[in-house]
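Could you put together the complete structure from these sequences and hints?
Respectively, the protein sequence lines represent chains U and R. If you read the first sequence in the numbering used here, its first letter stands for residue 1, the second for the next number, and so on. If you read the second sequence in the numbering used here, its first letter stands for residue 256, the second for the next number, and so on.
Hints in this document: simulated from the structure, not taken from any laboratory. It cannot be assumed that every hint is accurate.
[Stated by the list, open to error] Computed cross-link-like contacts, DSS-like style, restricted to lysine-lysine with a CA-CA straight-line distance of at most 27 Å:
1. Lys50/U with Lys147/U
2. Lys282/R with Lys238/U
3. Lys405/R with Lys367/R
4. Lys109/U with Lys72/U
5. Lys238/U with Lys274/R
6. Lys264/R with Lys31/U
7. Lys209/U with Lys274/R
8. Lys131/U with Lys72/U
9. Lys493/R with Lys209/U
10. Lys66/U with Lys84/U
11. Lys147/U with Lys493/R
12. Lys31/U with Lys209/U
13. Lys131/U with Lys84/U
14. Lys50/U with Lys72/U
15. Lys383/R with Lys338/R
16. Lys338/R with Lys367/R
17. Lys338/R with Lys305/R
18. Lys493/R with Lys238/U
19. Lys31/U with Lys274/R
20. Lys84/U with Lys31/U
As a plain string of letters, each chain reads:
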Amino acid sequence: MINLIDFTGKNIIVTGASSGIGKSISVSLSKLGANVVLIARREEELKSVKNLLEDGNHMIIPYDLKNLDGIKDMVDDVVSTVGKLDGMFYAAGIGNAHPVKLLSNDILKELFEVNYYPFIELIRCISRKGKYNSGARIVGVSSIAAKCGDAGLTGYSSTKAAMEAAIRSMSRELSSKGIVINSLAPAMTNTIMYTDYVERYGENSNSEKRLLERQYLGIADVQDIVNCGLFLLSDISKYIAGVTFYADGGYTSVQ
Amino acid sequence: MYPVINLDKKNILIFGASKGIGQACAKVCDRLDAQVILSARDIRGLNNTKSMLNRNAHIYDYDLTNTEGIESLISQIVTECGKLDGIIYCSGVTDNRPLAMQKPEFVNNLFKVNFMSYMETVRCFAKKANHNECSSVVGIASVASELGTKAHEAYAASKGAMIAASKSMASELHTKGIRVNCVSPGTTRTEMIEEYLSNCENTGSDVGNRLLERQYLGMIEPEYIGYAVAFLLSDASKFVTGFNLPVDGGLLSV
Chain U
1 MINLIDFTGK NIIVTGASSG IGKSISVSLS KLGANVVLIA RREEELKSVK NLLEDGNHMI
61 IPYDLKNLDG IKDMVDDVVS TVGKLDGMFY AAGIGNAHPV KLLSNDILKE LFEVNYYPFI
121 ELIRCISRKG KYNSGARIVG VSSIAAKCGD AGLTGYSSTK AAMEAAIRSM SRELSSKGIV
181 INSLAPAMTN TIMYTDYVER YGENSNSEKR LLERQYLGIA DVQDIVNCGL FLLSDISKYI
241 AGVTFYADGG YTSVQ
Chain R
256 MYPVINLDKK NILIFGASKG IGQACAKVCD RLDAQVILSA RDIRGLNNTK SMLNRNAHIY
316 DYDLTNTEGI ESLISQIVTE CGKLDGIIYC SGVTDNRPLA MQKPEFVNNL FKVNFMSYME
376 TVRCFAKKAN HNECSSVVGI ASVASELGTK AHEAYAASKG AMIAASKSMA SELHTKGIRV
436 NCVSPGTTRT EMIEEYLSNC ENTGSDVGNR LLERQYLGMI EPEYIGYAVA FLLSDASKFV
496 TGFNLPVDGG LLSV
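Laid out in structure tokens, this is it:
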């Protein structure tokens with residue numbers, strides 16, 4: 001059988017690589033032949049993720065993406081170490097819920113400082129001449145929250161909607177360089193965000209029952225989301241651009 | 256889990272398999288070790304597609320304007336080939352003409368093939384005897400459902416109907432382990448499109464060119480529609496249902 005999704009020799013950045021979707025896609029990418037550049041804040045976690053990868057020219061970068069000013073040098077450093085980039089999977093994100101009355105400007109700012117600004121800055125730096133290969137594919141992890149409103153998610157959903165809007169424009173603009181960008185919008189997935197959610201509402205809460213009425217395929221396994229990410233990063237999705245890919249177990253189709 | 260997209264031992268029934276996107280889907284599924292079953296009106300076209308495949312494909316010539324006969328067609332196919340794991344519905348009529356000429360009979364005929372026979376196919380597929388657990392349906396819709404284009408009324412509406420029905424069927428059929436999704440291609444290099452573009456040229460219409468301007472990645476090669484369909488058929492997409500995936504070179508996003 002042919003292997004349609006293959007990353008042999010491709011250099012791919014994964015942010016948020018220390019846990020959840022970012023961690024799992026890093027492992028999958030390495031199994032499919034990629035050299036993975038793992039970025040996250042926590043060095044110890046990054047090292048243990050690196051140990052899970054298949055052999056390859058991988059690199060770990062303990063880095064707090066809130067530090068926007070250092071991103072350009074970091075990208076330069078990555079490219080001089082592993083070579084030009086073929087893709088990025090942006091899984092870094094914080095999903096804290098805040099009711100409107102507690103949504104101070106500081107909290108709002110912090111959400112954008114992790115979920116949005118570094119995404120744009122990374123793409124700005126990667127799309128400079130000499131830093132990428134034509135055919136590079138970028139995926140931003142968005143959320144169904146960008147489309148479907150929910151109490152407490154004002155800030156979070158705004159960052160994801162901003163990301164999706166930026167992706168449509170950037171993909172159009174950077175297509176002339178051979179760079180294509182899409183959004184991947186998961187529904188509730190079995191990561192730390194789900195653990196937090198269960199902690200907040202309790203097990204089998206009414207909130208979760210309501211959620212599962214719409215997300216009728218259940219809570220997503222991380223690998224289910226990762227597979228969609230692999231598809232969007234691969235060459236076979238060459239003509240998919242500026243799209244929001246819903247991996248949501250039916251959620252957005254039943255509203 | 257590797258390869259990520261694996262259709263080994265899956266029985267995939269493809270409508271509209273004699274040419275264009277259906278033929279491309281057949282070739283991709285065949286390369287992924289699926290057992291493909293080909294259907295279309297044109298038996299010569301079916302044999303042509305069959306000759307391009309590595310595995311021996313079953314072929315069934317069938318005219319989808321006959322919606323009523325689909326139930327017995329599916330039964331016959333399942334009896335002869337075994338239970339199905341997936342359906343790709345690529346059959347479709349594009350017949351664009353001024354609204355003044357889109358009389359009820361015309362609209363009805365177009366809807367029969369583009370929509371009613373699709374829904375009937377899925378209805379029959381969903382019967383317990385006809386499908387395996389973890390099966391998947393992909394309807395080939397079109398970006399036309401989102402674009403208000405003159406003379407496309409019936410065609411655009413039939414594709415919109417396909418997408419809307421797919422979402423409802425997805426939510427109803429998940430208890431049977433069936434996922435239902437659509438792929439909406441932009442302008443794809445097929446005979447149908449070449450004909451359409453040359454028609455545009457002959458009539459002085461700029462619709463074709465305007466579409467390709469927005470479709471900033473250029474004309475889509477049909478095999479890439481096949482790849483997206485194969486992903487949606489495979490277990491790798493088992494959390495994706497009720498979704499309409501544009502494979503449109505960016506068209507709908509700008």
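Checklist entry - Which numbered hints does this structure break? => result Numbers 1, 7, 12 and 19, in rising order.
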